[in-house]
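Hey, can you work out the whole structure from these sequences and the hints?
Each chain is listed here by its residues.
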Amino acid sequence: MWSYVARRVLATLPVMGVVAVIVFLMLRLSPGDPAAIIAGDHATSEDIAQIRERLGLDRSLAEQFVWWLGQLLSGDLGTSIYLDRPVLGLILERVEPTLALSISTMTFAVALAIPMGVVAAWKAGSWIDQSIMALSVLAFSVPVFLIGYGLVIGFSLTLELLPVQGFVSLAEDPVGFARHLVLPTVALGLVYTALLARITRATMLETLNEDYIRTARAKGLAEPRVLILHALKNASVPIVTTIGTGLALLIGGVVVTESVFAVPGIGRLTIDAVLQRDYPVIQGVILVIAGVYVLVNLAIDLAYSLLDPRIRY
Amino acid sequence: MKRLLWAAVLALGLGGPGAAMAQDRASTLRVVVHANLQILDPVWTTAFITGRHAYLIYDTLYAMNSRFEPRPQMAEGHEVLEDGLVYRIRLRPGLRFHDGGAVRAQDAVASLRRWMARDAMGQQMAAVTASIDVVDDRTFDIRLKERWGMVLDTLAKPSNPAYIMPERIAQTPPNTQVTETIGSGPFIFVREEWRPGNRVVYRRNPDYVPRQEPADYLSGGKRALVERVEWLYIPDQNTALAALTSGEVDYFEAPPLDFIATLQRNRNIRIVDIDTLGTQGLIRPNHLYPPFNDPRARQALAHLVRQEDFMRVVVGNPQLYRPFCGAFFMCGSANGTEVGSEPFRQPNVERARQLLREAGYNGEPIVVLQPTDRPQYNAATMVLVQSLRRAGVNVDVQAMDWSTLLSRRASRNNPYEGGYHLFITTHGGPTTATPPANTWFNSRCERANPGWACDEELSAMVAEWARESDLEKRRPILERIHRRAWESLPYIPYGQYTQPIAIRSNIHGVLPAGLPVYWNIEKR
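These protein sequence lines are chains P and F, in that order. Just so we're aligned, residue 98 is where the first sequence starts under the working numbering, counting upward by one. Just so we're aligned, residue 24 is where the second sequence starts under the working numbering, counting upward by one.
Quick caveat, the hints were computed from the structure, so don't treat them as lab data. Even glycine gets a Cβ: it sits at the ideal position worked out from N, Cα and C. Check before you lean on any hint, since a few could be wrong.
[Said to hold, decoys possible] Derived list of chain P stretches under chain F, where covered just means 3 residues or more per stretch with a C-beta under 8 Å from a C-beta of chain F:
(1) 118-130
(2) 354-363
(3) 368-375
Encoded structure:
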């Protein structure tokens with residue numbers, strides 16, 4: 098298995114290389130100039146030209162790329178044009194909110210969706226199944242930002258139970274941390290709940306029609322035991338794959354959720370950097386996200402062997 | 024239902040803020056700011072957010088009062104010597120920087136030199152300055168090459184004034200960002216709590232020595248009455264509105280104008296106008312290329328603009344705008360003359376068509392830059408496009424985000440090769456109200472802002488106005504400037520309006536200082 102892991106990790110290098118080139122070219126070839134933004138609204142063209150020169154933006158594309166690549170190979174993601182601070186430090190500062198939101202969202206979604214999917218499959222065709230599927234279609238169809246605003250109006254403005262926006266570090270104030278996570282988690286989690294519930298139902302339906310399930314029932318096993326130990330375990334590979342894919346999709350959702358709830362995470366960092374053309378930050382964040390995506394996929398592949406003994410690496 | 028939900032929340036251990044936190048909130052002013060503070064050096068950028076940050080932590084030698092007169096701030100006073108050629112400025116005693124060091128004349132001189140190398144008005148002052156010399160630890164001289172009546176106005180200008188830093192920091196080259204944020208202002212920047220893109224924290228400077236006079240506009244005693252000021256950057260305006268409504272924040276610096284009516288209905292919120300002069304919208308033609316390199320085409324453009332149309336779309340609420348303002352230097356200011364604007368009070372499409380023909384316009388596409396991510400500019404651009412089309416102008420609207428527009432408008436290329444003909448922006452306040460300080464009015468050709476307005480006669484008149492220190496004698500010069508400006512049209516004003524702030528009703532002492540400042544404010 099370790100040689101498989103090593104091969105997969107090595108295979109990520111060309112992927113990351115291609116991502117680096119594409120990101121660099123897309124940014125430099127798209128319109129917009131950080132120097133003009135830095136200089137401010139009253140700046141003259143000379144001011145802007147001076148800043149471009151100082152930031153090295155007046156150099157040729159090839160020169161800029163070689164310089165950036167050199168930095169990257171020495172483990173340096175660069176320095177933010179605006180903040181004059183290392184990109185890696187900025188990303189690390191923003192990891193906690195994004196990680197907390199991602200974990201809480203996936204936990205919420207898994208905790209809600211799998212029982213819903215199992216029950217829907219078990220009671221296939223009943224009003225319970227139809228209600229769960231209707232709710233999942235609804236949750237999947239409503240945009241995250243709309244759910245977010247709805248939750249703010251309901252739980253923050255009307256009931257005055259939870260804060261509208263912001264993030265508090267776990268180390269600073271655990272209660273505040275939890276309070277600030279509830280609404281973003283629910284807003285973002287409902288979409289994944291819907292997705293996972295549908296996948297769980299579909300795979301469970303298939304598994305529940307297998308001969309060994311019929312045998313288990315004929316042996317007189319209790320229904321919960323049949324459902325959880327026999328059916329769910331065997332249906333788990335597609336569910337785990339969906340959870341993994343969901344983690345990747347989450348990156349897009351986190352951007353919107355972090356904006357709506359003013360959570361200072363990686364998503365907000367990316368948006369701010371894109372709007373201001375902070376090239377080193379955008380490049381750094383995208384490379385890190387690409388790396389995380391590759392590693393998550395690797396972790397999912399490895400998890401298959403734990404869930405299904407027939408899969409060996 | 025509410026009780027049930029509360030029980031659920033408490034059961035989960037998610038109770039509300041404790042007593043200590045409530046106490047902390049009572050002494051903390053939480054503000055939603057209009058932009059993300061990223062650059063801390065006010066000499067390095069002209070970004071508004073950096074200027075507002077600078078006002079909290081730095082102090083200035085002079086500051087404007089509500090009559091737009093320069094008043095001593097860090098300065099104790101000054102003498103004008105040698106027939107107006109030397110300004111001897113003496114600092115107040117007891118001023119200290121946040122690192123404990125005394126404020127000395129050497130600090131002021133180094134700060135002035137760095138600022139004069141970068142700031143547009145500072146550069147004008149540098150052009151007439153022979154030297155700046157330290158006399159003693161509290162006194163320095165500004166020695167001029169010729170008489171110039173704008174010395175104190177320039178030092179006191181509200182936008183991008185000379186903020187005083189310790190000498191060792193002010194010796195940083197002007198094109199390099201300073202890395203330390205040490206001023207002598209009423210608040211101290213708390214770097215450890217700065218989270219770019221989220222939160223900026225300032226704490227009260229216990230050693231600050233306010234002036235004894237009451238606070239007046241940007242002058243007078245700057246008394247910090249809250250222990251902390253927290254700036255929150257909430258880019259989603261609906262979320263910011265909800266945070267103000269729920270009481271999570273106290274002060275919303277720039278609520279969208281279409282939120283005002285909603286906010287006015289909430290008795291826990293007050294709408295306050297802190298900027299008596301307001302904001303001026305402007306259409307900037309590119310003076311480098313036809314047809315707008317011909318003043319007749321710019322006059323045609325002015326004939327197509329009905330300010331009230333722009334204001335209705337951009338602002339909406341008639342209480343917040345003037346139906347027409349023909350002053351380049353802001354209606355309501357001391358320089359707010361409207362002479363020369365008479366022919367343009369009502370649109371005249373026929374006259375516009377005739378002038379365009381005379382300027383040689385033959386239906387070529389007019390490239391208009393449209394910033395779709397700036398709602399106010401976007402709306403104004405759409406009105407402009409409609410006004411142009413009404414006169415049969417062939418308009419090529421190019422949609423882009425604001426960042427792209429900023430770099431595009433700095434391009435001197437042909438409009439069909441990456442350049443442009445027209446774009447929209449705004450400016451405002453007392454800086455706009457002074458001929459030499461109004462950056463978009465500056466018609467010094469190559470040295471003008473993007474659009475490169477070019478009128479040497481107009482520039483000469485502005486220089487003449489700046490040389491004159493007698494207010495009575497300035498008036499006729501101002502009127503000549505204004506008449507000429509409505510012929511030359513460095514830009515076309517499309518209206519003057521107010522951007523109020525929104526605060527919780529327990530916030531008192533907000534100063535009408537032209538921009539958000541956080542001294543004098545109490546939470547009760």
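| task | Count residues of the region 368-375 of chain P with a Cβ under 8 Å from any Cβ of chain F, then say if the count reaches three. | result | Answer holds; 5 residues pass the 8 Å Cβ test.
| message | Closer than 8 Å Cβ to Cβ for three or more residues is the test here. Does the region 354-363 of chain P pass it with chain F? | response | holds (count 5)
| field | Verdict on chain F covering the region 118-130 of chain P, where coverage means 3 or more residues with a C-beta closer than 8 Å | value | That given contact holds, which follows from 3 residues of the region 118-130 of chain P lying within Cβ reach (below 8 Å) of chain F.
The structure meets every hint from the earlier list without exception.
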